[in-house]
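Number of protein chains: 2
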Amino acid sequence: MRFSTMLLPTLKETPADADVISQKLMVRAGMIRKVAAGIYDLLPLGVRVIRNVEKIIREEMNRSGAQEILMPTVLPAELWSESGRWEEYGAELLRLKDRHGRDFCLGPTHEEAVTDIVRRDVKSYKGLPLNLYQIQGKFRDEIRPRFGLMRGREFIMKDAYSFHATDESAEEEYVKMRDTYSRIFERCGLTFRAVEADAGNIGGNFSHEFMVMADTGEDAIAVCDTCKYAANLERAEIRPYEAKESGEDASTNEVDTVTTPGVKCIEEVSVFLDVSKETLIKTLIYNTDAGPVAALVRGDAELNELKLKRVLGAEFVELADDKTVEEITGAPVGFAGPVGLKIRIVADHAIRGMVDSVAGANEANTHLLNVNQGRDFEAEYGDLRNGAEGDGCPRCAGTLSVCRGIEVGHIFKLGTKYSVSMGANFLDENGKAQPMIMGCYGIGVGRVAAAAIEQNHDEAGIVWPAPLSPFDVEILPIKIADLEVRKAAFELYTELTEAGLDCLIDDRKERAGVKFKDADLIGIPLRVTLGDRNLKEGNVEFKDRGTGEVRLVAVADAAEEVLKSIRGAGQ
Amino acid sequence: MRFSTMLLPTLKETPADADVISQKLMVRAGMIRKVAAGIYDLLPLGVRVIRNVEKIIREEMNRSGAQEILMPTVLPAELWSESGRWEEYGAELLRLKDRHGRDFCLGPTHEEAVTDIVRRDVKSYKGLPLNLYQIQGKFRDEIRPRFGLMRGREFIMKDAYSFHATDESAEEEYVKMRDTYSRIFERCGLTFRAVEADAGNIGGNFSHEFMVMADTGEDAIAVCDTCKYAANLERAEIRPYEAKESGEDASTNEVDTVTTPGVKCIEEVSVFLDVSKETLIKTLIYNTDAGPVAALVRGDAELNELKLKRVLGAEFVELADDKTVEEITGAPVGFAGPVGLKIRIVADHAIRGMVDSVAGANEANTHLLNVNQGRDFEAEYGDLRNGAEGDGCPRCAGTLSVCRGIEVGHIFKLGTKYSVSMGANFLDENGKAQPMIMGCYGIGVGRVAAAAIEQNHDEAGIVWPAPLSPFDVEILPIKIADLEVRKAAFELYTELTEAGLDCLIDDRKERAGVKFKDADLIGIPLRVTLGDRNLKEGNVEFKDRGTGEVRLVAVADAAEEVLKSIRGAGQ
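Residue numbers (our numbering), protein chains in the order written: chain V, 3 to 573; chain G, 3 to 573.
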């Protein structure tokens, strides 16, 4: 492609309304343009990257035996009423009426539509398993669309849905998809982790998010330095401290009271008593569907309500209001403690290792010193706190570190939620009707491109992983007006194009500085620069966009060297 | 692909709500399923065909220098207000509101969106010409969607828009696109014609419809048997009869009146007077913006109002009501004739060749015999009637025949309609702002697939043109339970798949009859049948779906023979 004829409108200025790096660079590199909030045009450079992602996804999905279909964007309300989601789904579901006044929505996801296909055309276990996928524009009416393609309203998604006769089959497919997704993101040239996510009431490890690692990522992730364990920080399990032998470290100090007038929060208590937060017990009173509960974590930790729910087996947990706290503890908020409390007490594993702690006294303006579990109060123990850098891995002896990532894919065992509500049954080998067991598997196609940029850029612009790059190589003749330069550049361009490479040649009558800046911005991995001085000595310059490495190559060898560096030395 | 694991739900019964052959066969062959009126799922077999069409389109558009982009499906009302189409476009434009109450529509076409891109990012003649295309799902809320993918509400379209600094450039691109479209439909393996269509107020031959010829087509087309001329029948020009020398064939018979009580229409007059319709003059009174007009055509012809408009240079023409006819002719409807009429008379060229015609007498229950133009009335002559089988070609000495076709593409020089209303200007070489000149070029992707079936089918099912076929070859082992058969079939399948062919193997445990019926229905061009009897003699059977030709091939040569027949003898 010739730069001079391509719609490739690069910008010097960073757009004012862009929130994140990838959005800024995509706009500046002429990949996308905003049409309305969360709605974008993909310009030619953007389409090339998206097509690269789609091609990799399609090849790997097909290879794993999934079959491509295409469902409508505009879906009838009836299907969504059957699953109950017409009512349940919030305002993100864009509802509309056709000219006859019939209700439709723009598909944000296609569980109903695909279940409708399968219940209609698959009647027997012989037609199972089945994994159907599509690559399609979807619409979610986000209240605050932002971050460009990262959280748009209209976006391209690969969504796949599998149907099974048995749990084993569904779980086999789950593992197959986890491997398929790993191959997809590997082939995209991305550094990523498959991260354990909440599987809801399905049970087992059947929900994984695929995270592209990037410092700018929205999600904090705990990653083991030894094994493959990785989880969203707020869901990460933590290895409990080893339980201490009874009597070991046992304190002989008596509980003492201390007056702490108006000193309520952990921060204030720590300063007032001049003790570290690690010696404080934080006591939080919760209302739950299992009754009122006191939850204890060490003063330096954050309680994680998801974990509290799981430990209690509760459907909901909610911090108690001031009045309830006073009724339960007999003291104003800020002075709750475990000693003498009459309600159920659950404590984080870390509490078990504490000696001579400080806690609220359940009495206004008073704290207790030398509080010891077992002797002064009893509790149930569990994993209640947010993980942090340095925590122990729950799967091995390794240590967790915390890093950031961007969710680009999610795989999930759905179970029978949709097949039961929509009557997607099959006859088993005994002729008995059974609901199909389902799985679903999504990839945000535009998000993959955006995440690739978040992970691979520098101050000058994008640094594309080769598999996603809109072109294989950029040819940059410095003075296009110079006949020798032009001739050599177009000869190289023609030779490489005929060899099957996608080349961009910057044939614009622009200054070298402008061309170099644009090349860095657009970020094609390999740049071949042709200048009159180098050419006089029979050379062109190869530059690696990632490393910045520069080397001279004889012009006669240039095409072969480009092919070698792109296709590997073997070819 | 293995039939047993593919979602390929063929049906024995023809669906009750299918109107046309292609729709029936697509449903029966398991390519599509209806979700709502005019809204379909594409199942795996359907997706394969659509992807084949898209691939050919994409390759040829890219080859011609067009650049792929992707615009949103959901478009903001503001853009449509700028062009005036938010108000003008009828109920086919599906309008909707987002959660904030802002107006949007589902794009039925993208002139506004693409003009917005170009006006924003192209400022100078140096950025022109530009041809941008996309392949995308579109939505038109047709009042009566029908014919399956032929006239759906949601449908896949390739739409392209070009932008130019000069008329010459726009017209060059028009010709290039005409050639590109011809290459596309040729590569699809279709018999088609580029048919002249109405270019509105643009002038010149800058509107062509691409028609796939099929007896079941919606459109009647006049096609020359000698040159390339083809046009929609209602727009087809007709070579005028050669004008007769003055005095030649001149009649010496005097005009005579005949009483024709209650005999009004051509049919009745012809029977009543026992004369052929070719001797009658049909006189129609029109109200037009150029005043009242009498339009004459021969009794066997149909007046064409589009042509009448063109001959008159009128904006509107409308048949006069009974009262007006009586005022103008002095007689009730049914007895109008040219003799003695005081209003402007325009006549079809054929009238000039008539001698001793019969016409109304402008008097109740009376007709005139021996009416002759020139002597008894004067008229302006032009092309006023619908063409018919046997008419002369307007471009050469050939003869027109009438056949039927399905519109699959349309190319059109748009001019400055959108660039003027939306302010898409560029600076010319003198620094003067000018509106860009535009062209637009559409292909209905699903329609191409449907039209291919209308053109290529028999009683048993589809007969795919090879380039669109969902698979290159079907391998049909008759008794899959027979180890020898199964082994030979899968060996062939593996060898061909590894050679890069798309193979379908019918590995179902079904009776031979069921498999043969499904193979005919699905319509893959080449079928290789493996039966135990043939195999014992070392043979397999090749069958051409189109010709029905059958031949035995040695099993050892089967793979090579398949490759030869698909890729041509050269490979």
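Simulated from the structure, these hints should not be mistaken for laboratory data.
Incorrect hints may appear among the rest.
One copy or two, it doesn't matter: identical chains are merged, so the pair holds either way.
Derived EDC-like pairs (lysine to aspartate or glutamate); straight-line CA-CA distance at most 20 Å [what the hints assert, rightly or not]:
#	residue 1	residue 2
1	Lys279	Glu220
2	Lys14	Asp123
3	Lys419	Glu80
4	Lys57	Asp504
5	Lys511	Glu380
6	Lys99	Glu89
Can you tell me if Lys99 and Glu89 fall within 20 Å by alpha carbon in one copy, between copies, both or neither?
both (16 Å within a copy, 18 Å between copies)
Is the C-alpha distance from Lys57 to Asp504 at most 20 Å within one copy, between copies, in both cases, or in neither?
both (15 Å within a copy, 17 Å between copies)
Using 20 Å as the alpha-carbon threshold, which applies to Lys419 and Glu80: within, between, both, or neither?
Cα proximity of Lys419 and Glu80: one copy only (17 Å, versus 41 Å across).
One pair to classify: Lys279 and Glu220, alpha carbons no more than 20 Å apart. Within, between, both, or neither?
neither (28 Å within a copy, 81 Å between copies)
Alpha-carbon proximity context of Lys14 and Asp123, limit 20 Å:
between (55 Å within a copy, 13 Å between copies)
Can you give me the call for Lys511 and Glu380, within, between, both or neither, at a CA distance of at most 20 Å?
neither (80 Å within a copy, 66 Å between copies)
Hints 1, 5 from the list above are not met by this structure, while the remaining hints are.
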